[in-house]
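Chains A and B, in that order, are what the protein sequence lines are. Here my numbering is used: the first residue of the first sequence is 2, the next is one more, and so on. Here my numbering is used: the first residue of the second sequence is 2, the next is one more, and so on.
I should point out that these hints are in silico values taken from the structure, not numbers from a laboratory. There may be inaccurate statements among the hints.
Each pair may be met inside one copy or between any two copies, as identical chains are not told apart.
As the list claims (entries may be wrong) - Derived SDA-like pairs: lysine to any residue, alpha-carbon spacing no greater than 20 Å straight-line: (1) K161 / A29; (2) K161 / G31; (3) K253 / R275; (4) K264 / F199; (5) K255 / V159; (6) K253 / D92; (7) K253 / F60; (8) K264 / G130; (9) K161 / R32; (10) K253 / L278; (11) K46 / G271; (12) K99 / T164; (13) K264 / N239; (14) K196 / A61; (15) K161 / D107; (16) K46 / E169.
There are 2 protein chains.
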Amino acid sequence: MDFPTWMAAIQARTESALERFLPPAAAAPGRLHEAMRYSALGGGKRVRPLLCHAAGEIFAADAARLDATACAVELMHAYSLVHDDLPCMDDDVLRRGKPTCHVEFDDATALLVGDALQTLAFQVLAEHGGTPAMIVLLAQASGSRGMAGGQAIDLAAVGKSLTVAELEFMHIHKTGALIRAAVLLGAHVGSADDKSLFALANFAGRVGLLFQVVDDILDADASTATLGKTAGKDAAQNKPTYVSLLGLGDAKRKAAELRSEAKSALTHFGDRARRLLELTDYIVDRQF
Amino acid sequence: MDFPTWMAAIQARTESALERFLPPAAAAPGRLHEAMRYSALGGGKRVRPLLCHAAGEIFAADAARLDATACAVELMHAYSLVHDDLPCMDDDVLRRGKPTCHVEFDDATALLVGDALQTLAFQVLAEHGGTPAMIVLLAQASGSRGMAGGQAIDLAAVGKSLTVAELEFMHIHKTGALIRAAVLLGAHVGSADDKSLFALANFAGRVGLLFQVVDDILDADASTATLGKTAGKDAAQNKPTYVSLLGLGDAKRKAAELRSEAKSALTHFGDRARRLLELTDYIVDRQF
């Protein structure tokens, strides 16, 4: 199977699994469930589920358990987007080419949508073979020392000048932690040994930063239509980015370096890491 | 040990366990951690931890595991209070006699505090003997078909006239679900058999409603100083309550009826349910 076919297949089965795991809009409270489905379905590149499946496939992990695990991570990601877009946070009106949840519904509903999507993430994981260790892994990646903490660091950084090291610290939390969890949880489904988990954690660390560097380049480079979200908003909000700190040229060189380091971390797995290698290229090349 | 001594002991060990489980304010991001501690420590009657311990003690459950389980439920409750108080929800400025989190800090921080407290609830449970079945139980009680769903139903009800049945449906989700989880999770720690769980679920259903009826009576009856939160706000916001639907006299009669039903559900356990029986009385009598 070539990479685009594999990717389309994982994206399709992720969408279908999310459809199943999300409560039907017909169930009470209907408006909340409708808004949860609006926010989690029908959009996104599903990078985290792709990483989760790709890591799991190294160890021939069970596909159905990978689906649930990948959905748990994606639901966590979806909750963070809904809350990040709220007026008291980034105050954004466009996401994945559609009005954001609080614009389409209202602020209170969007708050509850995020809350309930996070809960559902843990529920789906625990209901489908997630062990307590996997639940702890997902929680550490998402909480105040992971994604939510990164968001707090980001908020505190608006209008301030950061060093590259400080910017990196923020991104390791804000986006890196959940990407790392996606990879490691996929490997856990496949009962990976400690040496493999160590190599994958190393890979995931590079890929998480790579993802953010590329995002910053895109935000500076691309148009709103291409992104499906508001372009240039980092600069408009005076937020520090790799591009604002390093310049566009050095940011692109940094991306190239991280891509190479990420791939090196996979040497251990040989050809079994094929999908992760392809995904690494995809994360960079989708965009420039 | 008499009941007030037992209650004070559980409250003290809950506070001390929460102290341990919450990240130190010295750890980055400090402001978020400070706000999490502000919101979860030093206040509240700890009704859910008391119910969790009382249910666990029926089965001589391990006290340290009960502490963690009780804290998981209390952290979930604390998150819901922080989000409920936000301007886009109930817009309240006073909680447990202190400024609410978003007043003391800011809206964005309060949003992240709630998010991170929810995550921490699952983490604490999973790290201290919580089985996947217990995680699912907590998630079901908290998500769109539990507490968050009840909040959505509540929002949709503002300014509308509800029947008593509709009001009850709302409260079964909004407050009842998590109270039920507190009782059942405590019993799970003690490896309760199915017959016991069934009896406790019945008890918890009555106590959950009782708790809300008493809250509504209090809100209509008491002063802000006594409550430590804004009194009379249900009426001010034109929210339907047991008092507005039934009148104060019938609401008090309903509370008496629920107290009696709750106690009957415990007959199965004889004297082992002593603390649950005492707690039932406490929930009613603390207030009128």
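So, going through the hints one by one against the coordinates:
1. K161 / A29: Classified as between; 17 Å across copies, 45 Å inside a copy.
2. K161 / G31: Answer is between: at 17 Å across copies they meet the 20 Å cutoff, but 42 Å inside does not.
3. K253 / R275: This pair counts as neither: shortest intra-copy Cα distance 24 Å, inter-copy 68 Å.
4. K264 / F199: This pair counts as within: shortest intra-copy Cα distance 14 Å, inter-copy 54 Å.
5. K255 / V159: This pair counts as neither: shortest intra-copy Cα distance 23 Å, inter-copy 53 Å.
6. K253 / D92: neither (28 Å within a copy, 45 Å between copies)
7. K253 / F60: neither (33 Å within a copy, 62 Å between copies)
8. K264 / G130: neither (30 Å within a copy, 37 Å between copies)
9. K161 / R32: between (39 Å within a copy, 16 Å between copies)
10. K253 / L278: within (19 Å within a copy, 67 Å between copies)
11. K46 / G271: Classified as neither; 26 Å inside a copy, 57 Å across copies.
12. K99 / T164: Neither way: K99 and T164 sit 34 Å apart in one copy and 37 Å across, limit 20 Å.
13. K264 / N239: neither (33 Å within a copy, 60 Å between copies)
14. K196 / A61: Only inside one copy: K196 and A61 sit 17 Å apart there, 41 Å across copies, limit 20 Å.
15. K161 / D107: between (31 Å within a copy, 18 Å between copies)
16. K46 / E169: neither (23 Å within a copy, 42 Å between copies)
This entry does not satisfy hints 3, 5, 6, 7, 8, 11, 12, 13 and 16, going by the numbered hints stated previously.
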